[in-house]
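Protein chains: 2
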Amino acid sequence: MKYKTIVSAVIMAMGLVSVSSAEEPIQVIKPVQNINLAQVELGKKLYFDPRLSKSGFISCNSCHNLSMGGTDNIKTSIGHKWQQGPINAPTVLNSSLNLAQFWDGRAKDLKEQAGGPIANPGEMASNHTLAVDVLQSIPGYVREFQLVFGSDKINIDNVTQAIAEFEKTLVTPNSRFDQWLLGKKDALTRDELAGYELFKKSGCVGCHNGPAAGGNSFQKMGVVEPYKTSNKAEGLAAVSGKDADRFKFKVPTLRNVEMTYPYFHDGGAWTLTEAVDIMGRLQLGRKFSQKENSQIVSFLKTLTGDQPSFLMPILPPSNEKTPRPHPFD
Amino acid sequence: MKYKTIVSAVIMAMGLVSVSSAEEPIQVIKPVQNINLAQVELGKKLYFDPRLSKSGFISCNSCHNLSMGGTDNIKTSIGHKWQQGPINAPTVLNSSLNLAQFWDGRAKDLKEQAGGPIANPGEMASNHTLAVDVLQSIPGYVREFQLVFGSDKINIDNVTQAIAEFEKTLVTPNSRFDQWLLGKKDALTRDELAGYELFKKSGCVGCHNGPAAGGNSFQKMGVVEPYKTSNKAEGLAAVSGKDADRFKFKVPTLRNVEMTYPYFHDGGAWTLTEAVDIMGRLQLGRKFSQKENSQIVSFLKTLTGDQPSFLMPILPPSNEKTPRPHPFD
Chain A
16 MKYKTIVSAV
26 IMAMGLVSVS
36 SAEEPIQVIK
46 PVQNINLAQV
56 ELGKKLYFDP
66 RLSKSGFISC
76 NSCHNLSMGG
86 TDNIKTSIGH
96 KWQQGPINAP
106 TVLNSSLNLA
116 QFWDGRAKDL
126 KEQAGGPIAN
136 PGEMASNHTL
146 AVDVLQSIPG
156 YVREFQLVFG
166 SDKINIDNVT
176 QAIAEFEKTL
186 VTPNSRFDQW
196 LLGKKDALTR
206 DELAGYELFK
216 KSGCVGCHNG
226 PAAGGNSFQK
236 MGVVEPYKTS
246 NKAEGLAAVS
256 GKDADRFKFK
266 VPTLRNVEMT
276 YPYFHDGGAW
286 TLTEAVDIMG
296 RLQLGRKFSQ
306 KENSQIVSFL
316 KTLTGDQPSF
326 LMPILPPSNE
336 KTPRPHPFD
Chain B
16 MKYKTIVSAV
26 IMAMGLVSVS
36 SAEEPIQVIK
46 PVQNINLAQV
56 ELGKKLYFDP
66 RLSKSGFISC
76 NSCHNLSMGG
86 TDNIKTSIGH
96 KWQQGPINAP
106 TVLNSSLNLA
116 QFWDGRAKDL
126 KEQAGGPIAN
136 PGEMASNHTL
146 AVDVLQSIPG
156 YVREFQLVFG
166 SDKINIDNVT
176 QAIAEFEKTL
186 VTPNSRFDQW
196 LLGKKDALTR
206 DELAGYELFK
216 KSGCVGCHNG
226 PAAGGNSFQK
236 MGVVEPYKTS
246 NKAEGLAAVS
256 GKDADRFKFK
266 VPTLRNVEMT
276 YPYFHDGGAW
286 TLTEAVDIMG
296 RLQLGRKFSQ
306 KENSQIVSFL
316 KTLTGDQPSF
326 LMPILPPSNE
336 KTPRPHPFD
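In the order they appear, the protein sequences are chains A and B.
For the first sequence, the positions run 16 to 344 when the numbering used here is used.
For the second sequence, the positions run 16 to 344 when the numbering used here is used.
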């Protein structure tokens with residue numbers, strides 16, 4: 016009994032220490048602010064519209080599925096004609112908090128990112144001209160672009176702007192960890208708090224910090240020990256051209272990490288237990304005990320926030336003028 | 016002016032004749048009644064869950080996309096590893112009104128249908144044992160099955176029951192045509208009413224009748240002239256074994272037909288204009304003039320009802336016990 020009392024006191028003290036969440040290395044996710052709601056509603060339709068792909072089958076939501084943590088939950092994504100993608104699809108949730116987009120940061124923001132997969136032959140396999148032609152043929156879209164952008168002439172700039180604006184709404188506030196940060200001291204269990212302390216003390220927060228617990232720096236995958244993978248991605252070096260940037264990847268957000276398996280740029284780890292173990296050994300030179308690992312995992316699961324909640328969009332139909340999909344050629 | 020007055024009087028008279036919608040060959044779609052809402056909510060998750068497929072990528076909604084009229088809007092569907100499906104995906108909208116499911120009627124109801132694609136090697140390519148194992152590994156599902164069916168032991172019978180119950184909610188009442196049937200005489204334009212009259216008088220209603228304007232009989236494709244297609248589907252004969260049933264297909268519903276392109280079992284017609292022309296010639300031996308065709312098409316577009324409106328479901332995450340998806344083998 017006495018032991019439990021002491022432990023409780025220690026936990027309460029830990030709680031008190033972090034009354035001000037600004038002092039914590041991970042900060043609360045703020046709800047969406049300053050949003051152009053008309054762009055959001057249009058962007059939501061575009062995000063779900065497979066007609067942006069050559070096949071008419073693949074939409075943004077195919078690989079960044081908002082029913083599943085904004086990912087596809089497979090190692091590397093499936094593209095046009097079932098091509099195997101080169102890298103794990105990062106979650107779109109809270110991606111507005113990233114310092115840049117893609118694992119190698121090759122797009123500076125969500126808008127630039129949104130244009131990528133549409134025209135990537137291994138992903139949606141369309142091109143910007145065709146995608147715009149498809150939308151321009153559909154009166155329902157033309158009217159909405161007119162309303163939102165003041166012009167009935169659709170262009171890829173407005174398309175990606177609308178998609179990006181929708182994606183900005185995909186933040187996940189109100190996780191139990193955030194509730195704790197905001198003062199609800201019983202929001203976390205003893206094990207979860209112990210896991211958070213371990214997460215801080217052992218150095219995980221060195222990279223996984225800020226509101227997204229990641230997404231704000233590029234770091235080398237395999238600091239203490241090299242990471243073994245058959246995946247060919249080079250990371251930031253592919254963008255910067257610097258040899259020193261080889262295997263540097265954007266640190267993934269840990270928000271909603273329970274939902275965004277498998278982990279790492281190659282999707283090499285299926286479970287949080289495995290991911291925590293590998294990160295400990297390769298990045299920190301530390302072998303977490305089973306208990307430590309389990310505590311960190313239980314902390315990580317407190318980072319699951321309110322998932323985006325919205326009505327499934329209804330897409331305006333194509334017509335005789337709409338360029339047809341070509342799924343099989 | 017006088018001519019217009021006469022036309023208006025004729026139209027008004029036509030309206031008066033059909034004051035009682037029971038006298039019309041097409042009746043109103045009724046809103047959903049007698050639904051098990053708990054099963055619906057569970058079924059909605061399952062409908063959107065790609066973990067029912069081997070790849071982890073294909074869900075019911077992939078080919079019966081509720082953003083796009085409950086179809087995939089391609090000629091024949093894309094299955095596991097991008098296999099080309101043998102037949103056009105029929106809409107799931109109002110499918111509870113069908114006398115049987117699939118083009119050849121091989122499933123007697125929605126529940127029986129729901130089990131088909133999961134285990135079809137060319138579609139979702141899983142099997143019922145694996146699909147149930149996946150769901151049984153996920154605590155979020157186990158709890159919900161327990162709540163809904165009173166047992167924490169999941170079986171395929173309950174899985175397909177829940178999916179079917181969700182699908183029963185996918186009716187589309189309140190189309191402009193239904194508003195007209197219910198007495199709102201200005202709900203249809205002059206051309207739309209003329210199109211409906213033509214649709215009745217020329218015999219289209221012989222097959223496209225009832226609340227779904229179809230779905231309630233099997234009819235031969237190509238009565239007056241044979242239908243030319245490279246598609247190998249045999250229709251009802253594949254189920255009945257009777258030679259007389261060759262090329263007999265379930266008459267598709269015309270509800271929301273503006274959204275369910277391309278048309279026919281082989282997806283051979285991309286536009287309503289083309290479909291109406293072919294149907295007129297092959298089924299009725301009648302070549303509709305351009306004006307007649309256009310009037311019928313404008314009538315058909317009044318059959319688009321309120322699309323199902325619901326929050327995008329959030330799926331419970333997999334864990335270390337969940338059988339992994341196998342997209343590439």
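Treat the hints with caution; some may be incorrect.
No farther apart than 30 Å at their CA atoms in a straight line, the calculated lysine-lysine pairs in the DSBU-like style are these [unchecked claim]: (1) A:Lys316 x B:Lys168; (2) B:Lys215 x B:Lys306; (3) B:Lys96 x A:Lys243; (4) B:Lys216 x A:Lys316; (5) A:Lys60 x B:Lys60; (6) A:Lys60 x B:Lys316; (7) B:Lys216 x B:Lys200; (8) A:Lys200 x A:Lys60; (9) B:Lys336 x A:Lys336; (10) B:Lys243 x A:Lys96; (11) B:Lys215 x B:Lys316; (12) A:Lys257 x A:Lys45; (13) A:Lys336 x B:Lys243; (14) B:Lys60 x A:Lys45; (15) B:Lys60 x A:Lys336; (16) A:Lys336 x B:Lys302; (17) B:Lys302 x B:Lys336; (18) A:Lys336 x B:Lys123; (19) B:Lys336 x A:Lys316; (20) A:Lys306 x A:Lys216; (21) A:Lys123 x A:Lys306; (22) A:Lys247 x B:Lys302; (23) A:Lys336 x A:Lys302; (24) B:Lys60 x A:Lys96; (25) A:Lys257 x A:Lys123; (26) A:Lys123 x A:Lys96; (27) B:Lys336 x A:Lys302; (28) B:Lys247 x A:Lys96; (29) B:Lys126 x B:Lys60.
No lab work stands behind these hints, which were simulated from the structure alone.
Quiz item: Out of the numbered hints, which ones does the structure contradict?
Solution: 4, 8, 9, 12, 15, 17, 18, 21, 22, 23
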